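These protein sequences, in sequence, are chains A and B.
First residue of the first sequence? That's 606 in the working numbering, and the numbers climb one at a time after it.
First residue of the second sequence? That's 436 in the working numbering, and the numbers climb one at a time after it.
Careful, some of the hints might be misleading.
[Said to hold, decoys possible] Per label pair, the in silico range of CB-to-CB distance:
| no. | chain 1 | residue 1 | chain 2 | residue 2 | range |
| --- | --- | --- | --- | --- | --- |
| 1 | A | 637 | B | 487 | 49 to 55 Å |
| 2 | A | 699 | B | 597 | 55 to 61 Å |
| 3 | A | 699 | B | 587 | 51 to 57 Å |
| 4 | B | 457 | A | 665 | 16 to 22 Å |
| 5 | A | 629 | B | 458 | 20 to 26 Å |
| 6 | A | 638 | B | 439 | 38 to 44 Å |
| 7 | B | 481 | A | 654 | 26 to 32 Å |
| 8 | A | 641 | B | 487 | 43 to 49 Å |
| 9 | A | 665 | B | 583 | 28 to 34 Å |
| 10 | A | 637 | B | 504 | 21 to 27 Å |
| 11 | A | 638 | B | 442 | 22 to 28 Å |
| 12 | A | 699 | B | 583 | 56 to 62 Å |
| 13 | B | 595 | A | 665 | 54 to 60 Å |
[Unchecked claim] Reference listing, derived: stretches of chain A covered by chain B, where coverage requires no fewer than 3 residues with Cβ under 8 Å from a Cβ of chain B:
| no. | region |
| --- | --- |
| 14 | 652 to 658 |
| 15 | 938 to 947 |
Please keep in mind that the hints were generated in silico from the structure rather than gathered at the bench.
Remember, it's a predicted structure, so these values are computed and weren't measured experimentally.
Every residue gets a Cβ at the ideal spot worked out from N, C-alpha and C, and that includes glycine.
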Amino acid sequence: MRDCDRMRDELKAYVDRELSPIRRWSVARHLATCDACRAEAKEMAQITEEIRPDETETLDPALRTRFIEEVSAAAPGPPQQSTVRMRNWALAGVLLLSFGIFSTRFMGGTASNKLNTVAGNVASSDGGVEVASGSVSAPDDNESYTQTYTTSPSASNATLPPGGSGGYPGADHKDVVKIVKVPVTPPARMAAKAASGGDDEDLGRKVHKSASLTLQVADPEARSEQIEEMVKAAGGFMTNSSLVTDPEGVKTAELTVKVPLPQFEESLAQIAKLGNVQAKNVTGEDITQKVSDADQRANVLEQDMAEALNQLKKKGSKASWDLQEDARDLRIQLAQSRARLRILKSLAELSEIDITLSQPAKSAPPVQTGFVAEMGANGRGAVKSALGAVETLVAFILWILAYAPLWIPAFLVGRWAWKKYQKSAVNAT
Amino acid sequence: MAGIIQQYQERRLVQRMALGDRRAFEDFVDKYGGPVHRLARSHARSEADAEDLTQEILVEISRSIGSFRGASSLTTWVYRVALNHCLKHQQRRRPDTAPLDAVTTAAPEEHGPARCAERSELGIRIDSALAGLSEDHRTVVLLHEMHGLTYAECAETLGIPIGTVKSRLSNAFRRLRTALGGYVLGDDSDLAGAVTETL
């Protein structure tokens, strides 16, 4: 009876198969011996069967349509963009619009003209194919532009756009790639310049120009000397020179020269005439702002330095260690700033040209075709493989001879041991 | 594995509903419309009332689907929302009115003679006995027997331990058995044999 009380709460779960295997086994054992509980379980099973619906209830089609309509209408819909995100997009749009307006206004006389000029040059080149058109961007505060031309020696008779210095004779060009990047000074900076009375205008534009040129020449050494003389004549100098000969005997010379800015275009054109132009890259960076900033920084540091020196003079020997440290730091900063200013000014005064002179690759021996040629090649292959087999055999013999001091004694010892064994076997018999 | 797939499908359905996908609402109504309507019928006083209640529940679920975080299965969440709504509806209802299922038991002629003929006498007596159960017992019986929820799902839906579900069901069935007064087994030897096989 006590078991029945304990099992009573389990009976329904037993019928519903919701018990753990152990509990299920325990209840089954009880039911096998208790008629009352078994009867109760049977009744529960019957009631359960009677209660449970025969089939899953499905909605009437009209009701289904009505519910779907109501639910769809009441749904909140796609999640709205958060206000922060929307605000960010709006801000981005406003900035983009502002940038566009100011770009149009301030680029009008400079970048656009450059872009148009270069594009015009490319368009006017006979047979030249423009692969990439010009683009305008503003990576930093400084105005810069880059012109890149790459050519293929196997090209048709198109000529490169020389940027105002004439074509490159003897150069065959197939592909022309032009990239023009003209960052624009931001409007805020322009406004600040205007407010400060236009001090920068007094400085003039400081532009650092650099170029890289790849030429194909018959004699790189002779051309290197020629280039050095040309650069010296233009008032420049050579900063780096190297000559490399590859295993096939093809010579390549790499030079770096610096020429005064006014002679940059002319020097570049003269150097280009010395061979077939394979690639040319001209980069111009407006460092006016950098020079101005360095200059201003040096001025401010000089004033601070003067003030610090005044303080030191007033305090004399009573000057604190911190004050002396400050003065020392100021001196270092001032020296660094002046050095930077000098470098920037020299950059603006001297332009740099990297030149690569390479010999044309030596042509490969002509490939013979036909029955006779193939037979010859096969014969050569057979002889080569036979020689290889002989070589392997010789190597094997040499290997045996080389290791003879090891294997001959081992062989003799083995032989002696075998004979001794046979002898003892005969004696035993 | 089936559980994982079902969980994934439920999550996808919820995401689509949250995005306002009409097909998702159709799928949702197809899957849960019937059960919710049945639950509503057990708490409504008429078929029209049950339809309105079902609509209210479905609309409420679609509005608050964004609050479903997947801590429980979608089925138990839907049942929880529906049950809460039904109970609120029941509280709003006049105390002298009885739920639709109880009404059918008390006045089976409202559903016509065809339905009455389909239902066995035992079934009618069981309906009557169900109507006499307490709300807690009746709800557990409803969820487990009518809607096929497991003990664990019932516990999750009602927010009670599984042991409580087990004891409530056991008590409910004992009361049903008492209410039926030995009417259950009768001479139905086939059913008795089936039960014995089950046991």
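**Message:** Holds or violated: the 28 to 34 Å window for the beta-carbon distance between residue 665 of chain A and residue 583 of chain B?
**Reply:** 21 Å, violated
**Item:** Status of the given 49 to 55 Å range, CB of residue 487 of chain B versus CB of residue 637 of chain A
**Value:** 52 Å, holds
**Prompt:** For the pair residue 699 of chain A and residue 597 of chain B, does the Cβ-Cβ distance stay inside 55 to 61 Å?
**Reply:** Holds - the Cβ-Cβ distance for residue 699 of chain A and residue 597 of chain B, about 60 Å, lies within 55 to 61 Å.
**Request:** Count residues of the region 938 to 947 of chain A with a Cβ under 8 Å from any Cβ of chain B, then say if the count reaches three.
**Result:** Not satisfied, violated; 0 residues make the cut.
**Message:** Can you tell me whether the CB distance of residue 457 of chain B to residue 665 of chain A sits inside 16 to 22 Å?
**Reply:** 20 Å, holds
**Request:** Just tell me: holds or violated, for the beta carbon distance of residue 699 of chain A and residue 583 of chain B against 56 to 62 Å?
**Result:** Holds - the Cβ-Cβ distance for residue 699 of chain A and residue 583 of chain B, about 58 Å, lies within 56 to 62 Å.
**Asked** Lying within 20 to 26 Å: is that true of the beta-carbon distance residue 629 of chain A to residue 458 of chain B?
**Response** 43 Å, violated
**Request:** Could you check the hint for me, namely that residue 641 of chain A and residue 487 of chain B are 43 to 49 Å apart, CB to CB?
**Result:** 47 Å, holds
**Asked** Would you say the C-beta atoms of residue 638 of chain A and residue 442 of chain B sit inside 22 to 28 Å of each other?
**Response** 43 Å, violated
**Request:** Mind checking the hinted window 51 to 57 Å against the Cβ distance between residue 699 of chain A and residue 587 of chain B?
**Result:** The hinted range 51 to 57 Å holds for residue 699 of chain A and residue 587 of chain B, with Cβ atoms some 56 Å apart.
**Prompt:** Does the Cβ pair residue 481 of chain B, residue 654 of chain A satisfy 26 to 32 Å?
**Reply:** 29 Å, holds
**Message:** Given the hint of 54 to 60 Å, is the C-beta distance from residue 595 of chain B to residue 665 of chain A inside that range or not?
**Reply:** With Cβ atoms ~34 Å apart, the hint is violated.
Hints 5, 9, 10, 11, 13, 15, counting from the list given before, are not met by this structure.
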